[in-house]
Amino acid sequence: MLFYIFAAVAIVSGAYMVLTRNLLYAGFSLLLTLLSIAAIYVLLFADFVAVTQLMVYVGGVLVLILFGIMLSSRVHDKSVMSENTNVGWGVTISMLTLIGLSYTIWQAGFSSLPWIHQADTSVLAGQKSTVQLIGIKLMTDFVLPFEIASLLLLIALMGAAYIATEKQKV
Amino acid sequence: MLAFLLTLMLLLGIVIVLAYAERKVAAFMQDRMGPTEAGPFGSLQSVLDVLKLLQKEDIVPAAADQKLFKLAPILIFAAVFAGFAVIPFTPDLIPAGIGIGVFYLLAIISLDVVGLLMAGWGSNNKYAMLGAMRSVAQIVSYEIPAGLAILSVVMICQSLDFQEISYQQGILLNRFPGLEFETNWLFGIEALGINTTNIGGITTWNIFRAPILLVAFVIYFIASLAESNRAPFDIPEAESELVAGFHVEYSGFRFAVLFLAEYSMMVLVSLVAVILFLGSWNTPLPNLTALKFANWTTGTVGELSGILWGGFWLLSKTFVLLFLQLQIRWTYPRLRVDQLMHLCWKVLTPVALGIVLLAGIWRLLMV
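One line per chain: the protein sequences are A and B, in this order.
Quick note: the first sequence uses numbering that gives the first Met the number 0, first residue 0, plus one each step.
Quick note: the second sequence uses numbering that gives the first Met the number 0, first residue 0, plus one each step.
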């Protein structure tokens with residue numbers, strides 16, 4: 000029941016985000032979408048993922064997007080509004096993506112997958128949270144991807160700092 | 000639902016006392032009397048202020064963005080209030096005892112930032128906009144040293160659960176499920192050979208278990224001043240240049256909600272500081288041979304005495320920190336924006352990174 004409420008909120012706010020012309024309203028409805036998706040994660044016993052989603056997307060990415068919109072447009076200007084361009088291509092590509100995704104989901108036939116039937120609702124199995132398991136997995140089985148991701152982020156950070164520095168006149 | 004109402008009532012009570020204390024402390028620091036008329040020593044002043052605000056007309060500026068303007072105060076207060084959900088008030092009283100409370104708190108506070116942007120933009124006023132921008136830039140920057148200071152506590156305590164961190168800092172250590180066979184040593188080092196598990200009191204607070212956390216506490220406290228827009232980090236509402244910052248257009252009930260959210264933020268950051276560094280709801284008095292001060296001032300868990308003692312210690316420690324916040328407001332001049340960023344990125348963040356490293360080493364000594 001709760002799942003359907005949050006799913007409906009996520010879909011409605013997501014649709015509003017796409018359909019509204021005002022970029023700022025789109026940003027704020029993205030907040031609602033992200034919150035309801037975090038709620039769905041909680042319902043799936045993925046508490047750590049839910050909080051990380053809030054931390055990274057709401058606290059970081061969304062604030063950055065809003066800042067970007069506010070700093071790049073003047074208040075009394077109409078530039079907060081977005082315009083329709085490339086209607087033909089947009090419709091074609093989104094329809095193709097929809098067809099592709101529907102076909103894949105239909106082909107997967109997930110109601111007959113064996114692990115769905117074996118899945119247990121008591122995933123946590125006495126654990127208070129998934130943090131310990133995630134931590135152990137990150138430091139053992141997935142240590143290489145984890146470290147590579149950190150290296151990638153470091154490179155991105157250095158690149159951003161380099162672009163932002165003023166060029167010294169020699 | 001009961002936890003929601005109780006926490007809200009408690010919070011309203013604390014905020015009203017705090018608003019009165021703010022006036023009285025400010026008056027004392029400036030050698031004035033402060034409020035004297037309403038009630039004995041002016042103690043009803045803040046209650047009457049709230050009543051006055053509730054009666055005022057709710058003005059929405061014609062040029063403001065109606066929807067955002069009206070929604071913003073609710074979002075800001077909801078974000079701050081949601082943080083209280085994971086605060087343990089006594090050994091067995093916590094609104095929502097989730098396992099990743101500390102991480103949740105850090106994430107939910109960042110929701111506040113979105114509300115501030117909404118208020119600033121919705122007001123359609125350049126002072127409000129500038130105030131919101133400054134406030135958000137400041138909060139986002141100071142989350143980093145605050146987060147690192149909290150991380151060093153989490154490394155020492157090996158837990159993200161506020162209640163577990165609380166139990167670790169007192170004589171009730173072995174009462175928490177999963178910690179039955181733990182022992183506390185003086186300064187956390189077993190080699191010293193002084194077992195403080197049954198001594199309790201101040202010797203088992205986090206700043207004593209790992210003295211390095213004393214530095215982390217100072218960093219967290221400075222960063223928490225910035226996160227709640229308190230002086231000396233109050234450039235977002237610098238009245239001499241921005242009138243009042245992001246809430247300049249708000250009046251009546253909406254202003255009361257913003258005001259409440261701001262004071263709740265002060266209470267929340269002080270509560271978190273007390274829980275993480277200053278022994279949470281544990282008594283500061285240690286057991287000294289025959290004089291069992293710690294046992295006498297802890298009460299029995301699960302009974303009324305435990306609840307009363309726990310709440311008393313937690314709130315009185317919080318009020319000490321709140322008093323410090325009020326006092327600092329009238330002691331230090333406001334920082335310029337470049338000084339603010341210099342302090343955050345070039346002083347606090349490197350020191351906090353060093354503390355995290357040292358906390359890791361300390362934890363190895365503790366095992």
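In short, the hints are calculated from the structure, not lab data.
Check each hint, because a few of them may be wrong.
Here are some, though not all, of the chain B residues that point toward chain A, as calculated from beta-carbon distances under 8 Å [said to hold, decoys possible]:
{"#": "1", "residue": "102"}
{"#": "2", "residue": "106"}
{"#": "3", "residue": "109"}
{"#": "4", "residue": "110"}
{"#": "5", "residue": "112"}
{"#": "6", "residue": "113"}
{"#": "7", "residue": "116"}
{"#": "8", "residue": "306"}
{"#": "9", "residue": "307"}
{"#": "10", "residue": "311"}
If you anchor each label on the Cβ, the simulated ranges turn out as follows [what the hints assert, rightly or not]:
{"#": "11", "chain 1": "A", "residue 1": "71", "chain 2": "B", "residue 2": "73", "range": "25 to 31 Å"}
{"#": "12", "chain 1": "A", "residue 1": "102", "chain 2": "B", "residue 2": "338", "range": "37 to 43 Å"}
{"#": "13", "chain 1": "B", "residue 1": "1", "chain 2": "A", "residue 2": "2", "range": "49 to 55 Å"}
{"#": "14", "chain 1": "B", "residue 1": "189", "chain 2": "A", "residue 2": "141", "range": "32 to 38 Å"}
{"#": "15", "chain 1": "A", "residue 1": "162", "chain 2": "B", "residue 2": "12", "range": "34 to 40 Å"}
{"#": "16", "chain 1": "B", "residue 1": "331", "chain 2": "A", "residue 2": "93", "range": "42 to 48 Å"}
{"#": "17", "chain 1": "B", "residue 1": "56", "chain 2": "A", "residue 2": "67", "range": "34 to 40 Å"}
{"#": "18", "chain 1": "B", "residue 1": "178", "chain 2": "A", "residue 2": "134", "range": "17 to 23 Å"}
{"#": "19", "chain 1": "B", "residue 1": "35", "chain 2": "A", "residue 2": "134", "range": "56 to 62 Å"}
{"#": "20", "chain 1": "A", "residue 1": "167", "chain 2": "B", "residue 2": "338", "range": "46 to 52 Å"}
{"#": "21", "chain 1": "B", "residue 1": "190", "chain 2": "A", "residue 2": "167", "range": "38 to 44 Å"}
Note that the structure is a prediction, hence the values are computed from the model and not measured.
We treat Cβ as the ideally placed atom computed from N, Cα and C, and that holds for glycine.
The hints, checked one at a time:
1. 102: holds (5 Å)
2. 106: holds (4 Å)
3. 109: Holds: closest Cβ of chain A sits about 3 Å from residue 109 (chain B), inside 8 Å.
4. 110: holds (6 Å)
5. 112: holds (5 Å)
6. 113: holds (6 Å)
7. 116: Constraint on residue 116 (chain B) satisfied, holds at 5 Å.
8. 306: violated (23 Å)
9. 307: Where the cut-off is 8 Å and the nearest Cβ of chain A is about 28 Å from residue 307 (chain B), the hint is violated.
10. 311: violated (28 Å)
11. A:71 with B:73: 25 to 31 Å: holds (28 Å)
12. A:102 with B:338: 37 to 43 Å: violated (59 Å)
13. B:1 with A:2: 49 to 55 Å: The hint (49 to 55 Å, Cβ to Cβ) is violated, given that residue 1 (chain B) and residue 2 (chain A) are roughly 26 Å apart.
14. B:189 with A:141: 32 to 38 Å: holds (33 Å)
15. A:162 with B:12: 34 to 40 Å: violated (51 Å)
16. B:331 with A:93: 42 to 48 Å: violated (56 Å)
17. B:56 with A:67: 34 to 40 Å: This hint holds: roughly 36 Å between Cβ atoms.
18. B:178 with A:134: 17 to 23 Å: holds (19 Å)
19. B:35 with A:134: 56 to 62 Å: Once the Cβ atoms are compared, 57 Å apart, the range 56 to 62 Å for residue 134 (chain A) and residue 35 (chain B) holds.
20. A:167 with B:338: 46 to 52 Å: The hinted range 46 to 52 Å is violated for residue 167 (chain A) and residue 338 (chain B), with Cβ atoms some 25 Å apart.
21. B:190 with A:167: 38 to 44 Å: violated (53 Å)
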